[in-house]
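The listed protein sequences correspond, in order, to chains V and L. Heads up, the first sequence is in the working numbering, so the first residue is 970 and it goes up one at a time. Heads up, the second sequence is in the working numbering, so the first residue is 28 and it goes up one at a time.
Source of the hints: derived by calculation from the structure; they are not laboratory data. Just so you know, these numbers come straight off a predicted model, no measurement behind them. Built from N, CA and C at the ideal position, the CB exists for glycine as well. It is possible that part of the hints are untrue.
If you want the ones that stay clear, here's a sample from chain V, every Cβ over 10 angstroms from chain L, calculated [what the hints assert, rightly or not]:
| # | residue |
| --- | --- |
| 1 | G1036 |
| 2 | P1087 |
| 3 | T1228 |
Derived lysine-lysine pairs resembling DSS-like cross-links, with alpha carbons at most 30 angstroms apart [unchecked claim]:
| # | chain 1 | residue 1 | chain 2 | residue 2 |
| --- | --- | --- | --- | --- |
| 4 | V | K1250 | L | K35 |
| 5 | V | K1204 | V | K1090 |
| 6 | V | K1088 | V | K1220 |
| 7 | V | K1208 | V | K1220 |
| 8 | V | K1083 | V | K1250 |
| 9 | V | K1204 | L | K34 |
| 10 | L | K80 | V | K1045 |
| 11 | L | K50 | L | K35 |
| 12 | V | K1000 | L | K80 |
| 13 | V | K1204 | L | K35 |
| 14 | V | K1094 | V | K1220 |
| 15 | V | K1011 | V | K1000 |
| 16 | L | K50 | L | K34 |
| 17 | V | K1083 | V | K1094 |
| 18 | L | K80 | V | K1011 |
| 19 | L | K34 | V | K1250 |
| 20 | V | K1227 | V | K1204 |
| 21 | V | K1208 | V | K1227 |
| 22 | V | K1045 | V | K1088 |
| 23 | V | K1204 | L | K50 |
| 24 | V | K1083 | V | K1204 |
| 25 | V | K1250 | L | K50 |
| 26 | V | K1220 | V | K1204 |
| 27 | V | K1227 | L | K50 |
| 28 | V | K1000 | L | K76 |
| 29 | V | K1250 | V | K1208 |
| 30 | V | K1011 | L | K76 |
| 31 | V | K1045 | L | K76 |
| 32 | L | K50 | V | K1208 |
| 33 | V | K1083 | V | K1220 |
| 34 | V | K1090 | V | K1220 |
| 35 | V | K1088 | V | K1227 |
| 36 | V | K1090 | V | K1000 |
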Amino acid sequence: MDRKKTTTKMPRNRRHLIQLLGVAVFNGNFKGFISGEIYRGKLKSFCVPVLNCYSCPGSLGACPIGGLQAVAGSAKFNFSFYVFGLIALFGILLGRFFCGYLCPFGLLQDLLHKIPTPKIKVPAKLNRALSFIKYVMLVGVVILLPIVARNSLGMSDPYFCKYVCPAGTIGGGIPLVILNPSLRHTIGALFSWKVALALTILTLSIFLYRVFCRYLCPLGAFYGILQPVSFYRFKISNKCSGCGRCARVCKMGIDPAKTPNSPECIRCRDCIHECPTGAIKSCFGFKPSKEKTEK
Amino acid sequence: MDDNRHKKHTRERTLFQFLQLNKWSILIASMAVASILIGLFRVSGDEVKILLKKAINICMECIGIG
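The shape of chain L in the complex, shown without the other chains (with noise of 0.2 angstroms):
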């Protein structure tokens, strides 16, 4: 019993060491995923509709030609 608590409390406390080293790529990827989820959202998804739209037609600008 007092066994499985020690290995818990160690899983727990690597755990956190983990999250604490790492705290400024976890809130960078937190942002990302935020930003992500803003852009998805935003204006009922227009943000994404133009991409789309600019990606699915041969873009003469990239292409040297526009």
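Excised from the complex, chain V in its bound form (with noise of 0.2 angstroms):
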């Protein structure tokens, strides 16, 4: 019986195509890409569950992250409910669903993994220490510094989307650089650091599964908060052999079988496809009957 439900799986690969049709429905505007101009529909008033800058000339909605610091650097507010409760909702629904199955920045990541190289892993203290530096990402940077660092009339930068962000530098930065030869006579110290900085996590990327994902992302670390409360959850059944196989195929680093429902879980189900036993299943809330099997 177990062996007919694992055939029935969803394959592997279907996750990549999924992450395709994702970048396809937040970037639809493909004219963008030819004419260099922006989408300026009413649909940027809506915020897309995934880190996808609204300067990129594909895109239909508005990032969650660049939102919250838009609204909080203006004059008038300094927290954005609007977004912060949009992204609250997408993470109490599905947690860190998204990252693993609908980000554009997530999947270009996944890709350049599959380049063949020596692939690094990092040992498991140094892992949880530089898991943290996102949420300082999130708190410090995205939230806070653009409530403290004002300018004098009272407004503020989105200091992660100015000096961070490598989707803003890669989605939006780099083709509105090339298809507007106006704005290539701006480009100065800002934008070359940008340019490294992305460059640089997309090489790491080739060598360490989601580097970006892993240690800097804020809205990552937003959904984490919320995964272990999430109604998409993980659990495990009595099946469970403790054979270790879920863990050797976790590359974000965690033993589902201990922590189903772990902040750094981007629910890329690749643990669901490798168990033998069935164990490790998927389900929307707690369920009144099961609860006991769940550890």
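Since each chain comes alone in its own frame, lean on the hints to assemble the complex.
Written out as structure tokens, the structure reads:
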């Protein structure tokens, strides 16, 4: 019976197809990649659930991290209830599922990691320490800095977007600079810094799986905080034999048998595919009758 | 008749248990929805207008120019 169940699982490579679909849906303004102009419709008042720069020529929605900073940096408000509520809703419903299945920058890192080179395995302690950086990014750089570091007009820069975000550089900066000759004359040290940082992150992604998502992404950090209580969750049944295959296959360095709802899990479902006994299951919400089997 | 009542009772109990087990998730989801509504109606929707204004213009800082 278990064997029958494993054969009906969704193929692993289907995830990349869904990711590609996500890229196409969130960046559906294809003519922008020819004209060099961004989409200016009402859809942009809605935030997409992934890190997708609203200055990307194809982008149809607003980036939630950019949106949080844009509102917080305005003279009128210092916090965006609307954007915060949207990402909290996304997070509580599906946790980091968006990271694994829909994020365009996640897909780029996934594809780069497929380049056949020796891979780096970060020691668990160092991995845990480095993963705290993304929480600092979220609380310090995205939320607090725009409130604290304001100019005389009471406005502030979107610090994360301006100095860190590689998704903005790859999706917005580079295409716009290529497509708009007028922008080419305005690039300077900041653009060079951002391109260098983006290239460093992309190069590291070849050797280390999802380096940006693990250590720097503030949106991943937000979803990660909500993941242990999100409706979409993994559970381990008593069929688990403790073979450790799930931990070995996990590229995010988690042991799913011990922490199935870890804040670091991007819900790629590799562990579910790998489990020989079908002990790892995904479900929506805590189920009353099966609660005892959950670890 | 009794069978129907029993089924209804079981359904209600399961729903109650589901709500009880997912109380934190439901609470956070409700707060998220409330937060969205506050944002939508705060100062006659200015929060969304600021977001839209930022998103429909090329953000020079975001692309590393400003």
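Original post:
So which of the earlier hints does this model not fit?
Top reply: 1, 22 and 36
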